[in-house]
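**Q** As a plain string of letters, each chain reads:
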Amino acid sequence: MKLLPAILRCIVVSSILSLFSFAYAAEYLSGPADYIYSPRVEEGEREIDTKFGTQTPRSGEDSRQSGASIGFGYGVNSWWFTEIYGKNIWDGTNSQFDAIEWENKFQLTETGKYPVDLGFLIELERPQNRNEGYEAKYGFLLQSEWRKWQANLNLLMQGHYTGTENQGTYFGYQGQVKYRLQPELELGAQIYSWLGQLNSWNTNQQQQTSAGPAIFGKTKLGKKEALVYNLDYLWGTTTASPKNTIRMQIEYEF
Amino acid sequence: MKKPIARLVLALMVGVVSHTYANTTDITIKIQKGRFIPSQIEIPADVKVRLVIENLDDTPEEFESFDLNREVLINANSKASFYIGPLSPGRYKFEGEFSPETAQGVVVVK
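Each protein sequence line maps, in turn, to chains A and B.
For what it's worth, this note's numbering labels the leading residue of the first sequence as 142, then goes sequentially.
For what it's worth, this note's numbering labels the leading residue of the second sequence as 207, then goes sequentially.
Each hint should be verified, as a subset may be incorrect.
[Stated by the list, open to error] 27 Å max Cα-Cα, derived DSSO-like pairs, lysine-lysine:
{"#": "1", "chain 1": "A", "residue 1": "K365", "chain 2": "B", "residue 2": "K239"}
{"#": "2", "chain 1": "A", "residue 1": "K364", "chain 2": "B", "residue 2": "K316"}
{"#": "3", "chain 1": "B", "residue 1": "K239", "chain 2": "B", "residue 2": "K285"}
Because the hints were derived from the structure by calculation, they are not lab data.
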């Protein structure tokens, strides 16, 4: 993968995004089943991806929010990974289908060539509530490694468009650090944060930030089969954040 | 005040990229009859190396290494490349995920 094609790809995806930005009228949702994206793409990888999360609200009057998703992903080539999800949410009494989502991830630099691997994410979602229109999430994905340590930082924007609810485009970041102890168990920490609207960041306490410890791992099931997991417990660090969040992801790779 | 800072950032970026290119060595490993050839390579410590994996077989293979934090598919009769390092001295195992009985190798860093 040469630098010039990588730059061209970046220009192409940025152009696609600029088309969306004209029609944008959106809001962000920090879902209980969110996860940290990696910029790396593995060609030919097929996976069934399940995620689950539950959030305890800060106010005792609000009900617990939970979410789950199941998806199928495929590494089309060495720089493009695509995945389709179905998402469900429930609040303890009511369960409902929430949205269908299409994730596309582009690896822009050759693995390990630069101190930081760079990728780009475009995720489009069709919420079941049609008043929300469509949701888009996009941004740059960064990954670096040093010895047995790995760090990720993703700079993301999210919003809804063509709807009547949840106006605005929001900016946030997510990050993780992990120590690659052994394949079945890696130790680390994660942080998820939404800072506010692009043109008007919230005050510190109005930002939604959760952080906490995480574990990761991969177990081989056969020659071409493996289970990959990560699990974390997050504390809300501001008054606008959920009190705590438990989330997990399990992927069956084949 | 802004211009000197911008120049410094640009110089650092150019420096990082030039440094990356200036110190990279290519090493080719072939896959033949489900084996890595050579199965052991030696590289100096704290140096970035570009591994070119050339699959001469009619079936795909996946270069996998937890030690090196790499998983790369090499299609049949094709090449793939990626970078490893800088690494500290030690032995870093890798294997072919589709034929792990025979496709075993190690990067020795000295």
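**Q** In ascending order, which of the hints set out earlier in this document are inconsistent with the structure?
**A** 2
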